[in-house]
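Q: Sequence:
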Amino acid sequence: MTDDATDRWEYRAVRPPREATKKESRDPTDQLNDLAGEGWRLVETVEYVGGGTKYFVFERPYRGDDATESETRERRNRE
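Reading the sequence shown from the start, the letters are residues 2 to 80 in the working numbering.
Hint data in this document are derived by calculation from the structure and do not stem from the laboratory.
Please read these numbers as outputs of a predicted model, since none were measured by experiment.
A portion of the hints provided could be inaccurate.
Claimed, not checked - Label-pair restraints from in silico Cβ distances:
no., residue 1, residue 2, range
1, D8, V50, 31 to 39 Å
2, E11, K55, 18 to 26 Å
3, G65, A21, 38 to 46 Å
4, T30, G52, 28 to 36 Å
5, D8, G51, 36 to 44 Å
6, R64, A14, 14 to 22 Å
7, R9, G52, 30 to 38 Å
Cβ atoms here follow ideal geometry from the backbone N, Cα and C, with glycine treated the same way.
Let the sequences and hints guide you as you build the complete structure.
A: Here it is as structure tokens:
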């Protein structure tokens with residue numbers, strides 16, 4: 002028998018930070034560490050055709066509590 006907590010995941014797609022020109026990426030280390038501190042794990046990048054990262058894709062075990070769901074909604078609204 003498996004544990005439901007490890008069978009369910011939540012995902013988040015985040016655009017990497019960009020400089021003012023929107024053409025150059027800033028160092029994403031702080032952003033990645035902040036998300037890791039919230040339990041997110043980088044699992045994939047979505048690339049532009051011809052190079053460059055369009056999205057970072059993160060996952061973490063589904064927590065199932067209201068705080069996590071509202072936290073996720075709040076973040077989506079900010080992006």
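Q: Hint by hint, note whether the structure agrees.
A: Outcome of the hint check:
{"no.": "1", "hint": "D8 - V50: 31 to 39 Å", "in the structure": "34 Å, holds"}
{"no.": "2", "hint": "E11 - K55: 18 to 26 Å", "in the structure": "20 Å, holds"}
{"no.": "3", "hint": "G65 - A21: 38 to 46 Å", "in the structure": "40 Å, holds"}
{"no.": "4", "hint": "T30 - G52: 28 to 36 Å", "in the structure": "20 Å, violated"}
{"no.": "5", "hint": "D8 - G51: 36 to 44 Å", "in the structure": "38 Å, holds"}
{"no.": "6", "hint": "R64 - A14: 14 to 22 Å", "in the structure": "18 Å, holds"}
{"no.": "7", "hint": "R9 - G52: 30 to 38 Å", "in the structure": "34 Å, holds"}
The structure is inconsistent with hint 4 alone, although it conforms to all the rest.
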